[in-house]
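K.L.:
Below are the chains, spelled out letter by letter.
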Amino acid sequence: MKKILILGGGTGGTIVANRLAHRLRPEDAAIEVVSDSPLHYYQPAQLYIPFGEEDPRKIARSERKLLNPKVHLRTETVSEWLPEKQTLRTAKGEHLSYDYLVIATGSVPCPEAVEGFVAGADHFYTPDAAYRLYHKLSEFEGGRLVVGVGGIPYKCPVAPLEFTFLAEAFLSHKGVRSKTEIVYTFPLNDVFQIPSVVPVVRALFERRSIRAETFFNLESVDAEKQIVKSLEGTELPFDILVMTPPHKGATFLRGHPMADNDGWVKTDRNTLHVSGLPNVWALGDTTDLPISKAGSTAHFEAPVIAEQIEAAITRQEPSPGKATYNGHVTCFIDAGYGKATILDFDYAHPPAVHEPDDFRHLQKVALNKLYWYLVPTAVI
Amino acid sequence: MEGVKITKESDARGSFCPGPLMEMIRLVRSANVGDVVAVISGDEGSKKDIPAWINKARYELIGMEEAAPGGTRIICRKNH
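Sequence order for the protein chains is C and D. Residues in the first sequence are numbered consecutively from 1, following full-length UniProt numbering. Residues in the second sequence are numbered consecutively from 1, following full-length UniProt numbering.
Chain D with its partners taken away, still in its complex shape (with noise of 0.2 angstroms):
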């Protein structure tokens, strides 16, 4: 995501669900409203349950990545 300035990330590859939406909460209840957070996931589920979270909670989405080797970033802004 060019132009993103990403203020926390957490790598989670190796965790299993809910291994890393549980590191994206925990990074979204640390971070300021308006921080970029980044989750990087190794399991296919969390490109779906992150991202649902994200929805259900009224943050933004602002992406996901491919972020090598075996793992998916997923990019999320605390807007509120």
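Next comes chain C alone, as it looks inside the complex (with noise of 0.2 angstroms):
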């Protein structure tokens, strides 16, 4: 009998568990979920928390419940990995070996890399986090508020856009707009990394008096006198800075000979195989693809490690068409006023970005809440 392990229970590692206990027979293969964590977080959720339309405490399902009866969980944290050895070490000192191996340990947020951030910053990226802001917006009276991108790669790449909307319209109908800027910086030269995207962004920032700082490369935050600095010398003080911190990969991946210094790990674009290792893959927020690090990344690439693992323990070869990610990703945006649009776009086509309408806000309400049905369970 075969051992497939998998790395983390969120997205991409649930479903690719879920998908291979349909397909496989239990004599076939045994499959293992290795997470940190006995809950598996609904992340997109973390974005409405800071606006009171999210409950912190309701955004987490057991991740047992959500794994096919025949897939085994163990929650543990790996310390270690040992790829000539197909092994992995845990922080209670097991070795835990495998045939087969899905890295799905996803993305880490890490404030406290950047100077004065803890102190002088906030996020939405952890629920706890996220649940402050809410209570610093509640009273927020009017001011400086400044949203940024502070590293570039980073989990779910619309979410500070959406932030910046979605903040924009919270404190119109609180009433304090009106005495209230708003700055939006972003590392880069533009307000967004995919080019096409950016006229709709422009647009909707003329329109509501949204400020964009570009090239704006966080450095440090002086929680005292409330001013953000960037590597390139701008500053800019604030009443409430949210920043996306700089993300990284999982502790035990980070420097790893598989991986980078900041965790990501080195990945085929197509077959999402780690590189030089026909038994391992990774996916989702794991990978150093240059794609979005989305949940919708994840589910898109997890039947296609899915397909390959069970090709390979059936002895079948695997279909072309199945078995190659093409880099699909689709992300909605949030605009606030109820209106959202959607990006759709793989490798070789780039979104087509149209205005945000109350359509597609109804459908990102939709698969907000019907994602605990479809998309772990591998029904979608």
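Calculated from the structure, these hints are not laboratory results. Accuracy of the hints is not assured; some may be wrong.
Straight line, CA to CA, 30 angstroms or less: simulated BS3-like cross-link-like pairs of lysine-lysine [said to hold, decoys possible]:
#1 C:K339 - C:K364
#2 C:K229 - C:K65
#3 D:K8 - C:K248
#4 D:K8 - C:K229
#5 C:K58 - D:K5
#6 D:K8 - C:K225
#7 D:K78 - D:K48
#8 C:K248 - D:K47
#9 C:K70 - C:K136
#10 C:K3 - C:K70
#11 C:K174 - C:K58
#12 C:K364 - C:K58
#13 C:K248 - C:K225
#14 C:K85 - D:K48
#15 C:K179 - C:K58
#16 C:K248 - D:K78
#17 C:K322 - D:K47
#18 D:K8 - C:K266
#19 D:K56 - C:K248
#20 C:K339 - C:K179
#21 C:K70 - C:K322
#22 C:K3 - C:K174
#23 C:K136 - C:K364
#24 D:K56 - C:K229
#25 D:K48 - D:K5
#26 C:K229 - D:K78
#27 C:K229 - D:K48
#28 C:K58 - C:K266
#29 C:K225 - D:K5
#30 D:K47 - C:K229
Computed from a predicted model, the values in this text were never measured in an experiment.
Taking the hints as your guide, dock the two standalone chains into a single complex.
P.N.:
Set out below in structure tokens:
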């Protein structure tokens, strides 16, 4: 019997595990998910916590209940990966061996990587941090709100834009928008990394009087003086600073020979194999691929990996159409005021972006509600 | 660039915008004042984006040169 180890109980790892459990016989393979948490978080919901639209206590569910009963769940932290021995070591000192390995350990926000961030800035990339921001925004009576991206790559590329739009709408409804200046900072020479998205974002910024500060690479935060500084020498005063923290891969991957110093795993853009290892794959935020670190990326990658593992175990040729990832990503952008737009793209086709509308917003709200029933369960 | 001693160089060929620019920013962040760093990029956009960033950050663009095969070496001095 073959042993399949899947590291990570997020969207990608859970889908791979459930698809394999559906398609393989128990006598063919033992499937185990290793996750450092017994909970599965629906991370896109964190965006709505600062505006009181989501309850931080209700955005996670039991990973065990989301997994097919044939999948074993081990709640432990991986501390070391030895590819040459096909073995992993856990923080408790246990050794786990595998025939096939899927790395879906995601990305970790690292606010402590920037001087002054923890003391002076807020973010919404964990439920606790998002809830602290909810209190700040509730009490905010006007001033200068600076929102920005503190390093590339980061989880969910459109989230900082969405936060900016939602904050603008929230402050308007609260009656303090006229007393508030909103500034959006971005590390590159424009407001987003995909050129075809820029005109729609620029138009929204213009209509809603949001100022953009580009080529702003976060250097430090002076919590006492309430000033954020960039590597380029720009200084912005703030009353509330909401920065996307720099992100890194899982701790055990940082500096690993199969990853770079920040822990992004060297991954083939089509097969999703980890470089040079035919029995190891990576997906989702974990990879070094120049595509969005987003749940939808993992969602579209997971079947590609499941197809290859199933074919290897059943000694069949994988279906070429199903065993190749084409870079497909779908992201909604919530533009506030009950409107949203969608980005749908792949390696060969950049997104064509339309004006935000009610229908796309309805779709986004529906996905947020239906996620638990459709996505980790591999129904869609 | 004859006579220029490059302290650190990163080959970013195979990555596309914004990869090479972020690589230049990473090198500059880790460099000491006075160091010369270089990125080799295969992305045409880098020839515009990276000098624009160097100018914005008030560092010194020492130059750009062909780095075969299929790349451009962009050289920057961290002068402050």
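K.L.:
State for each hint whether it applies.
P.N.:
Okay, the hints, checked on the actual structure:
no. : hint            : result
1   : C:K339 - C:K364 : holds (10 angstroms)
2   : C:K229 - C:K65  : violated (45 angstroms)
3   : D:K8 - C:K248   : holds (23 angstroms)
4   : D:K8 - C:K229   : holds (25 angstroms)
5   : C:K58 - D:K5    : violated (57 angstroms)
6   : D:K8 - C:K225   : violated (35 angstroms)
7   : D:K78 - D:K48   : holds (19 angstroms)
8   : C:K248 - D:K47  : holds (28 angstroms)
9   : C:K70 - C:K136  : violated (45 angstroms)
10  : C:K3 - C:K70    : holds (13 angstroms)
11  : C:K174 - C:K58  : holds (25 angstroms)
12  : C:K364 - C:K58  : holds (18 angstroms)
13  : C:K248 - C:K225 : holds (28 angstroms)
14  : C:K85 - D:K48   : violated (46 angstroms)
15  : C:K179 - C:K58  : violated (33 angstroms)
16  : C:K248 - D:K78  : holds (26 angstroms)
17  : C:K322 - D:K47  : violated (37 angstroms)
18  : D:K8 - C:K266   : holds (22 angstroms)
19  : D:K56 - C:K248  : holds (27 angstroms)
20  : C:K339 - C:K179 : holds (24 angstroms)
21  : C:K70 - C:K322  : holds (24 angstroms)
22  : C:K3 - C:K174   : violated (55 angstroms)
23  : C:K136 - C:K364 : holds (26 angstroms)
24  : D:K56 - C:K229  : holds (14 angstroms)
25  : D:K48 - D:K5    : holds (23 angstroms)
26  : C:K229 - D:K78  : holds (18 angstroms)
27  : C:K229 - D:K48  : holds (24 angstroms)
28  : C:K58 - C:K266  : violated (34 angstroms)
29  : C:K225 - D:K5   : violated (40 angstroms)
30  : D:K47 - C:K229  : holds (26 angstroms)
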